[in-house]
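Model the full structure from these sequences, guided by the hints.
Here the protein sequences line up with chains X and H, keeping their order. Take this note's numbering: the final residue in the first sequence is number 329, and no numbers are missing along the way. Take this note's numbering: the final residue in the second sequence is number 163, and no numbers are missing along the way.
Calculated directly from the structure, the hints in this document are not laboratory data. Fair warning: there could be bad hints in the mix.
Cross-link-like lysine-lysine pairs, in silico, DSBU-like; alpha carbons within 30 Å at most [stated by the list, open to error]:
1. Lys112(H) x Lys268(X)
2. Lys129(X) x Lys112(H)
3. Lys72(X) x Lys112(H)
4. Lys112(H) x Lys135(X)
5. Lys268(X) x Lys220(X)
A few chain H positions that, by computed beta-carbon distances, are all more than 12 Å from chain X [said to hold, decoys possible]:
6. Met48
7. Phe78
8. Gly79
9. Ala85
10. Gly89
11. Met105
12. Pro109
13. Phe121
14. Leu127
15. Ile140
Positions of the beta carbon are idealized from the N, C-alpha and C atoms, including for glycine.
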Amino acid sequence: MSDSITAQGLEMRFPGCEALRGIDLTVPSGSVFALLGENGAGKTTLIRILTGFQSPTAGQCTVCGFDPSKDALEIRRRIGYVSDQPALYDWMRVDEIGWFTASFYPEGFLERYGESISHFEVPRNRKIKHLSKGQRAKVALALALAHDPELLILDEPTSGLDPHVRREFMESMVDRAVTGRTVLISSHQISEVERVADMVAIIHQGKVRLMDSMIHLKETVSEVTISLDDPLIALPRLTGTIEVLSEQSSGRQRRMVVRGFDQSAKELLEARPGVLNVRSRPASLEEVFIACTRGSVVAAVDDDRFGRTGKNSEGLQPSVSGGSHES
Amino acid sequence: MNRSLVLRRLCWKETRQLWPLIVMLAVIAVFLQCMLLIGNYQNIKSTLPIAFFFGLPCLFAAGVGALLVGQERENRTFYWMASLPINKLDIIGTKYFAGVAGLGAVWIISFLMMLISGGLSNASGPISVREIDWLHGLL
Numbered sequence: 003m004s005d006s007i008t009a010q011g012l013e014m015r016f017p018g019c020e021a022l023r024g025i026d027l028t029v030p031s032g033s034v035f036a037l038l039g040e041n042g043a044g045k046t047t048l049i050r051i052l053t054g055f056q057s058p059t060a061g062q063c064t065v066c067g068f069d070p071s072k073d074a075l076e077i078r079r080r081i082g083y084v085s086d087q088p089a090l091y092d093w094m095r096v097d098e099i100g101w102f103t104a105s106f107y108p109e110g111f112l113e114r115y116g117e118s119i120s121h122f123e124v125p126r127n128r129k130i131k132h133l134s135k136g137q138r139a140k141v142a143l144a145l146a147l148a149h150d151p152e153l154l155i156l157d158e159p160t161s162g163l164d165p166h167v168r169r170e171f172m173e174s175m176v177d178r179a180v181t182g183r184t185v186l187i188s189s190h191q192i193s194e195v196e197r198v199a200d201m202v203a204i205i206h207q208g209k210v211r212l213m214d215s216m217i218h219l220k221e222t223v224s225e226v227t228i229s230l231d232d233p234l235i236a237l238p239r240l241t242g243t244i245e246v247l248s249e250q251s252s253g254r255q256r257r258m259v260v261r262g263f264d265q266s267a268k269e270l271l272e273a274r275p276g277v278l279n280v281r282s283r284p285a286s287l288e289e290v291f292i293a294c295t296r297g298s299v300v301a302a303v304d305d306d307r308f309g310r311t312g313k314n315s316e317g318l319q320p321s322v323s324g325g326s327h328e329s
Numbered sequence: 025m026n027r028s029l030v031l032r033r034l035c036w037k038e039t040r041q042l043w044p045l046i047v048m049l050a051v052i053a054v055f056l057q058c059m060l061l062i063g064n065y066q067n068i069k070s071t072l073p074i075a076f077f078f079g080l081p082c083l084f085a086a087g088v089g090a091l092l093v094g095q096e097r098e099n100r101t102f103y104w105m106a107s108l109p110i111n112k113l114d115i116i117g118t119k120y121f122a123g124v125a126g127l128g129a130v131w132i133i134s135f136l137m138m139l140i141s142g143g144l145s146n147a148s149g150p151i152s153v154r155e156i157d158w159l160h161g162l163l
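This is the structure:
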């Protein structure tokens, strides 16, 4: 299976701001790929680079096998893009904007656009300015899908939409992936992408903190709760492939989101004097997201102090708040 | 993808975007002509033809940039256009063409308006000798 998007060491610096600080990303073809990150994490900047709107300060990337800084036009022929607030010409009617856009794509665009508009039940003769926000989003999606793009990029596509429209929107993405097309969804609405995404990447402060398949992520990341008889007890260092993504202390309980937590690690913790109980359960994507996006780059320094590895093939960086460990 | 079709559609869009400005100028011109017809404004009757000749194109020139570029930036439609497979030069070129063609059309219309208003303000002819001399001096 080839890759729809590849990025190596992408950096983007604006005056007084580092939007991207070395992004490495691979989006396999035929998948629904979720790009998660809090506001200002760098998602939109990354998408702007991938679609050729902006040139990166450093690094390389390819989209559908083309370099966006050299072949932006070719990429735009092959992709569909829906922004967070689709800005369409207000004065055009729904059928008029399809007719206008059809001239930039091969034959068959207008027919498929018409089918989508009928499917979404958007009135054809109504002006864009008289449509609801949900209807506008549907028109933007119909325009982005009408040339049957190899890759569909959605930047916060469902912000401001009601749950019915959101669900319909997301389910149509799964249908596309089934037909071998790729969908890249940028969002901070975790629950909605959790249902549809095959792969997920979490961006925090311009870096990819975590990239994995959704299935593997759910299998390997656990939320571990440790009950202690004294809150000042130092826990043993978790070694090997185990990565502590975040840790919080609350009274005599310590909560950690851990990747690769296994029975031996549980036994190691339970064997520590003062540890009353160790419970683990699979972490939700939201918990993983919060674990990856809590704290800042400074936390990496703390991480060394606590003797944790901080290593991760995708550059995962744990964050720490409270708690103590032996080194 | 047919390039001439692309250019035609882009021109259609630009023309439609200019439409409000053209309508506004037409309303101003008609309003001033009506004022000239029904009112007794001796002090402006002699200057109105010249005002038509220069005023309407100046208003158009001031508004055309705001409509074709400023409005698109403000409404973020530029970004949507930029996401389509269109050569940037085609977008810029059609905007430039629409602006220049529109300005040319307004010059022609304003010249006709000047002749008409000259005729209304001067019973001896469609335009006063003083105005023709003034234009000759300019050219």
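Tested hints:
Note on Lys112(H) and Lys268(X): the hinted pairing is violated, with a Cα-Cα distance of about 60 Å set against a maximum of 30 Å. At most 30 Å may separate the alpha-carbon atoms for a hinted pair to count; Lys129(X) and Lys112(H) meet this at roughly 27 Å. Straight-line distance between C-alpha atoms of Lys72(X) and Lys112(H) comes to about 14 Å, which keeps the hinted pair within the 30 Å bound. Restraint check for Lys112(H) and Lys135(X): satisfied, since their Cα atoms lie roughly 29 Å apart, inside the 30 Å limit.
Under the criterion of a C-alpha separation no larger than 30 Å, the hint pairing Lys268(X) with Lys220(X) is consistent with the structure, at around 18 Å. Every C-beta of chain X lies more than 12 Å from that of Met48(H), the closest at about 15 Å, which supports listing it as non-interface. Look at Phe78(H): its CB is around 30 Å from the nearest CB on chain X, clear of 12 Å, so calling it non-interface holds up. Listed as outside the interface, Gly79(H) is consistent with that label: its C-beta sits roughly 27 Å from the nearest C-beta of chain X, beyond the 12 Å cut-off.
For Ala85(H), the condition that its CB be more than 12 Å from all CB atoms of chain X holds, with the nearest at approximately 22 Å. At the 12 Å boundary, the C-beta of Gly89(H) stays outside the reach of chain X, the nearest C-beta of that chain being 18 Å off. For Met105(H), the requirement that its beta carbon stay farther than 12 Å from each beta carbon of chain X is not met, with the minimum near 9 Å. Not every beta carbon of chain X lies more than 12 Å from that of Pro109(H), the smallest distance being close to 4 Å; the non-interface claim is violated.
No Cβ of chain X approaches the Cβ of Phe121(H) within 12 Å, the least distance being about 17 Å, so the stated non-interface status holds. Against chain X, the non-interface label of Leu127(H) holds: every CB pair exceeds 12 Å, the least being about 22 Å. A cut-off of 12 Å between C-beta atoms confirms that Ile140(H) is not in contact with chain X; the least separation is 31 Å.
Figure legend: structure checked against the earlier numbered hints; hints not met, in rising order: 1, 11 and 12.
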